[in-house]
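Single-letter residue listing:
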Amino acid sequence: MRYFFKKHFSFWLISLSLFLFKPVVFSQEVERKTSLNYYGAIEFTFNNPQDKFNSFFTLGEQDFFITSRLTDRISFLGETVVRFDPRSGTTFSPSIERAQMKFDYYKNHSLIVGKIHSPVNYWNDVYHHGRVFFPTIDRPVAFSYFIPLHTMGARLMGQGLGRLNFGYDVVVGNGISSTDVNREGTDLSFTASVHIKPVDGMRLQAGYYNDLLKNNKAGVHSGQVNQGFNYKKDIRYRMLTTSVAYFGRKLEFLNESLYNFNFSDSLGRANNYSSYTYLGFRLDDNRVPFVVFDITSTDDNELHIAHVHRTQLGLGFRYEFNYLLNLKIQLMRSADFHDHGGPEIKEINKYFLKLQLAYGL
Amino acid sequence: MSALRISGFLLFLVTLTLPDNAFAQNFQVVGNQTGLATVTRAELISIFKPKNNRWENNKPVVIVLPGAASVIRDDVAQQIYSNSFVAVQKYWLSLVFQGRFNAPYFFNSDDETLNFIRKTPGSIGFVSVSTGVPEDLLIKLK
Numbered sequence: 001m002r003y004f005f006k007k008h009f010s011f012w013l014i015s016l017s018l019f020l021f022k023p024v025v026f027s028q029e030v031e032r033k034t035s036l037n038y039y040g041a042i043e044f045t046f047n048n049p050q051d052k053f054n055s056f057f058t059l060g061e062q063d064f065f066i067t068s069r070l071t072d073r074i075s076f077l078g079e080t081v082v083r084f085d086p087r088s089g090t091t092f093s094p095s096i097e098r099a100q101m102k103f104d105y106y107k108n109h110s111l112i113v114g115k116i117h118s119p120v121n122y123w124n125d126v127y128h129h130g131r132v133f134f135p136t137i138d139r140p141v142a143f144s145y146f147i148p149l150h151t152m153g154a155r156l157m158g159q160g161l162g163r164l165n166f167g168y169d170v171v172v173g174n175g176i177s178s179t180d181v182n183r184e185g186t187d188l189s190f191t192a193s194v195h196i197k198p199v200d201g202m203r204l205q206a207g208y209y210n211d212l213l214k215n216n217k218a219g220v221h222s223g224q225v226n227q228g229f230n231y232k233k234d235i236r237y238r239m240l241t242t243s244v245a246y247f248g249r250k251l252e253f254l255n256e257s258l259y260n261f262n263f264s265d266s267l268g269r270a271n272n273y274s275s276y277t278y279l280g281f282r283l284d285d286n287r288v289p290f291v292v293f294d295i296t297s298t299d300d301n302e303l304h305i306a307h308v309h310r311t312q313l314g315l316g317f318r319y320e321f322n323y324l325l326n327l328k329i330q331l332m333r334s335a336d337f338h339d340h341g342g343p344e345i346k347e348i349n350k351y352f353l354k355l356q357l358a359y360g361l
Numbered sequence: 001m002s003a004l005r006i007s008g009f010l011l012f013l014v015t016l017t018l019p020d021n022a023f024a025q026n027f028q029v030v031g032n033q034t035g036l037a038t039v040t041r042a043e044l045i046s047i048f049k050p051k052n053n054r055w056e057n058n059k060p061v062v063i064v065l066p067g068a069a070s071v072i073r074d075d076v077a078q079q080i081y082s083n084s085f086v087a088v089q090k091y092w093l094s095l096v097f098q099g100r101f102n103a104p105y106f107f108n109s110d111d112e113t114l115n116f117i118r119k120t121p122g123s124i125g126f127v128s129v130s131t132g133v134p135e136d137l138l139i140k141l142k
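Line by line, the protein sequences are chains R and X.
Going by my numbering, the first residue of the first sequence is number 1, and it counts up by one from there.
Going by my numbering, the first residue of the second sequence is number 1, and it counts up by one from there.
Any given hint could be a false lead.
Restraint ranges, calculated between C-beta atoms of paired labels, are given here [unchecked claim]:
| # | chain 1 | residue 1 | chain 2 | residue 2 | range |
| --- | --- | --- | --- | --- | --- |
| 1 | X | LYS140 | R | LEU353 | 49 to 59 Å |
| 2 | R | THR186 | X | THR40 | 51 to 61 Å |
| 3 | X | GLU43 | R | SER88 | 31 to 41 Å |
| 4 | X | ASN115 | R | PRO198 | 36 to 46 Å |
BS3-like cross-link-like pairs, simulated, lysine-lysine; straight-line CA separation at most 27 Å [said to hold, decoys possible]:
| # | chain 1 | residue 1 | chain 2 | residue 2 |
| --- | --- | --- | --- | --- |
| 5 | X | LYS51 | R | LYS354 |
| 6 | R | LYS33 | X | LYS59 |
| 7 | R | LYS250 | R | LYS354 |
| 8 | X | LYS51 | R | LYS107 |
Bear in mind the hints are in silico, worked out from the structure with no lab data behind them.
Glycine residues also receive a C-beta, built at the ideal position from the N, C-alpha and C atoms.
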């Protein structure tokens, strides 16, 4: 008997594979459904950096969003954004933000491959580039410094498990220092997060991110563009995150906190922190006044992320015409500002006023 | 205590004893190859929130909801989602945008809903209580 199976091992292995993956190979045809949506924003800003007053309009990101159900188990999601880019001849350039294929292989468990938003915290997993979904005008400051926005890789996802609606995400991918087509070395980035939804509208999440930044490079997947440091050796980049989100009929609350700790041979460990809190009060279907508090701080021996010690406090109001159109206004006070994407600047930006019309089609 | 007050109190007690399916007087639940002959209100809410991608019989869960012009859209929104129809649209748009669930189908008439459900295994939706529903598509509320 043993000889029989050994001799025909290939046959049994292939047969077993077909049996186990029968749902994949023989998945059921469903009526194809492809949806195309468009999201965008138009803004007006009044600010006074360095005691000069500015007022200007901004055309925000224009987001093309497509989903398609290919079979009863396989679906595609794509998100391409066109945004202002002064380096481009037309001053606008496209960017593929998400292009992912999702395979529901077993009940509430899925495998996703492609370019995804790193599910490292609630905001990055839920809001992406659709400003109409944002509770406030801008993302938390941490997105300009710490959050690995995208990953090109593979993701295991589970959701709605058990009484507490437990969910998990495990991602391996190219990482911060990479591109969407290749990377140097064999160290893949690793993301893991878990969450529960104990009551309607609530999500409690904890996340972890680990990446090796080859030659201290900040690639296309992170908010950091130009750190301004000359350190060119590898840096081990780790981050712990927590997210507490509750969006109910009257009360809206979101706290995004993170602890980022990076290791370099030269200066050892750098400890960086950020915490963002949003609190909104829904008066009715249309009106939501809110407050925002955001604090971000880097260690003095940080060699990858641009140094920042920034505190923002703001008051805002959101008017929702319907679920695809809203107007937000925010009055913010910011202190110890560091310019993202340019040389380090220390300035006190006392107040700025922003309006945003966010829409979806 | 007056007779009026006693009557009102008794009526109040009666309402407390009404079964859960009393909430669904304006709509019926319909489905195709869901594996469900009956469903409770709590189960219905869990299905449409949504919790699961697949039924116990391994068919995909295909959500069908009343559209903007449907006469039962507000009843379904309130009874299932405890919210307005606009809030339900926003809720689903957000789930689809996250990439976590496939988009539901919205239909404005009972005929469209029944036609779709009849040809789509795993689909589940709602029609008016006054609409005649074939026995093989009706899921009874308990």
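Verification of the supplied hints:
Against the hinted window of 49 to 59 Å, the Cβ-Cβ separation of LYS140 of chain X and LEU353 of chain R comes to about 57 Å, which satisfies the hint. A C-beta distance of roughly 52 Å is found between THR186 of chain R and THR40 of chain X, which places it inside the suggested range of 51 to 61 Å. A hinted range of 31 to 41 Å is violated for the C-beta pair GLU43 of chain X and SER88 of chain R, which are about 53 Å apart. Under the hint 36 to 46 Å, the C-beta atoms of ASN115 of chain X and PRO198 of chain R, about 39 Å apart, fit the expected range.
A distance of roughly 38 Å separates the Cα atoms of LYS51 of chain X and LYS354 of chain R; the hinted pair therefore is violated under the 27 Å criterion. For the given pair, LYS33 of chain R sits about 17 Å from LYS59 of chain X by alpha-carbon distance, which is consistent with the 27 Å threshold. For a cut-off of 27 Å, the pair hint linking LYS250 of chain R to LYS354 of chain R stands: about 25 Å separates their Cα positions. Between LYS51 of chain X and LYS107 of chain R the CA atoms are separated by roughly 10 Å; this keeps the pair inside 27 Å, and the hint holds.
Of the hints listed earlier, those the structure fails to meet are numbers 3 and 5, in rising order.
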